[in-house]
Amino acid sequence: MPKRKLDPLPAAAFQILLSLADEELHGYGIMRQVEQQTNGRMRLGPGTLYSSIQGLEEEGLIEEVSRKSDTGSDAERRRFYRLTSSGRKLARAEAERLADLLRVARAKKILRGEYV
Amino acid sequence: MSEKIFAWLVRLYPAPFRWKYEVEALQLYRDRLRDERGTFLRMRLYCDLIFDALIGIPQAWRTSYGGPPISTAAAGNVSGLPSFHLLKDEPLRAGSVVVGSVFSIMALVAFGLVMRLPAPHRFSTAGGALSPVEAVLERLNRVVSPPTGTGASGDGSTSTVNGGSSQTSMPAKSGPSGSETAEKPLTVRQRDQVIRAAGENLSARYFDRQKAEAAVEKLRALRKQGAYQGIVDGTKLAERLTADIRSATGDSHLNVVYRRNVIPNAAPARPSAAEIESYRALLIAENCSLEKTEILPGNIGYLKFNSFPDLDACGASFQKAIARVAGADAVIFDLRDNTGGFPDTVAEVAAPLFDHMVPWYNPRETQSATTLLPARGSTLANTPVYILTSSHTLSGAEQFTYNLKMLKRATIVGETTGGGGHMGVFHRLDEHFGMGIPETKITNPYGKLDWDVVGVEPDVKVKEADALDAAEKLAAKRVGR
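Residue numbers (the numbering used here), protein chains in the order written: chain A, 36 to 151; chain B, 40 to 520.
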């Protein structure tokens, strides 16, 4: 069975890429970060989160880093993830695609105002 | 949701996924459980988890199917030679088996449902003639009538349609026995005929001429408006006509009924003397439906009878039964399986319970005699009475129950009765339609709604099966033992 390519990039996957843009995070951190950057609209449950992470890992867009957490005692078990260069590239391409869309929307007078 | 449930949910994910992320997923769940406290946040968390499982599980199965592709380059492909690849060898996963079974069962159920639908057998063609296939379907759909009938056995001539109305001419004579014919869609002509006949019967027989005219007028107007157009189901037409007639007259005792069996044209012949004799013999052999006549512990009389049969045949049996409980401190009438009978018998059974004249409601009474004369020298006039009812307590048994309830002479224990009034005189409208019309005005001495359709409400509502116990307890308490 052909493996599913991340094309088009699902919203959850894109959000995960964005959440890892600044720092390495573990699963729960990603979930919190995504929640924050979408103003609480998107809360990734464990299933969606980890199957997205799995897909992104297999595509080489993010990778695992071994690192000790500074928070709790059960920290050894946590895996941290970071963006790879191709992941960053894809996130940028996706953002540009969305920006293009936004331009079109604005030209068609669907969107008014100054927000980008 | 406890962690156990969540851990079980995680098991639904594919094995490679679990192997890699199970611990982390559980950790994530624990983190959220720790951080999100309070009713609202918890509820939100659980909702999230349920939605997540619904979306995440299929997604995980989709994405984590094949492992990394096996590199074929290493084998050093020589062009022209057949190459041999080993695909990943995996046993069928439990999940696939489950999904496969669910789909198979759904397909089977769907097939079953489709097969239950009747074959559409009547297609209106321009010429009105049946195609050979339709003719066969037509014959298959027709319920086989007894071979003794001459015209109705489905020879070629009857199955041709002329002008779209084969039904009216079909069973020209199907015998007075009321042989069953197949349910067929009504034709326009048949429908109009029923509506017209209903109107004629109303204006000729209903006791209130003015209201009858109003109802007839309404039916006529509705028919002109096309309100009955498209009703091809006999039962539906009967219901619709009943509703319209009732709303025009305000009389809930008027009704139109549809019978699948052919309603014989002539009134049934009076039974011969021999028939009457054998009927009586049968009644007596069955002990006049008197199932039990007992004195229960605590000197409580108990009578169970399942009809109010003909007085001529059974008057003596009933008198004997009542005499048997005459010395009791309380009497229980068990009418749970009683489906009615003769109003005379109903009155006869009730009479010993009174020592003075009382009003008595009998909706079948054509004269205005609405009183009950007490039985002379009865010892039961002041004995507490309990009546056991069920949802299949009907007709005459309801009349008995209703009257004693209205007179506050008995305590009704059990379920609401069936609501079988069957009032009015039955008139035939055509082969399948009939109509009940009250021909005289009946006054209800209690000035209240009777049991027609709604039934008689018990004073003590208990399940049918528990009614005897409940009544026994009540009676024991009442007589103070």
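These are computed hints drawn from the structure, not numbers from a lab.
Since the model is a prediction, treat every value here as computed from it, not as a measurement.
Mixed in with the good hints there might be a few duds.
Using C-beta positions, here's what the derived DEER-type ranges look like [to be verified]: (1) K43(B) x A46(A): 51 to 59 Å; (2) M77(A) x V141(B): 24 to 32 Å; (3) V136(B) x E131(A): 44 to 52 Å.
Sample of chain B residues lacking proximity to chain A, with all beta carbon distances greater than 12 Å (derived) [stated by the list, open to error]: (4) R83; (5) Q249; (6) K275.
C-beta: ideal position from N, C-alpha, C; glycine also.
Quick rundown of the hints versus the structure:
For K43(B) and A46(A), the hinted distance range of 51 to 59 Å is not satisfied, since their beta carbons lie about 32 Å from each other. Distance hint for M77(A) and V141(B): a CB-CB separation of about 30 Å, consistent with the stated range 24 to 32 Å. The hinted range of 44 to 52 Å is satisfied by V136(B) and E131(A), whose Cβ atoms lie roughly 45 Å apart. Residue-level check failed: R83(B) sits 8 Å from the nearest beta carbon of chain A, not beyond 12 Å.
Distance to chain A confirms Q249(B) as a non-interface residue, since its nearest Cβ pair spans about 69 Å, more than 12 Å. Separation of K275(B) from chain A is adequate, the least Cβ-Cβ distance of about 51 Å exceeding the 12 Å criterion.
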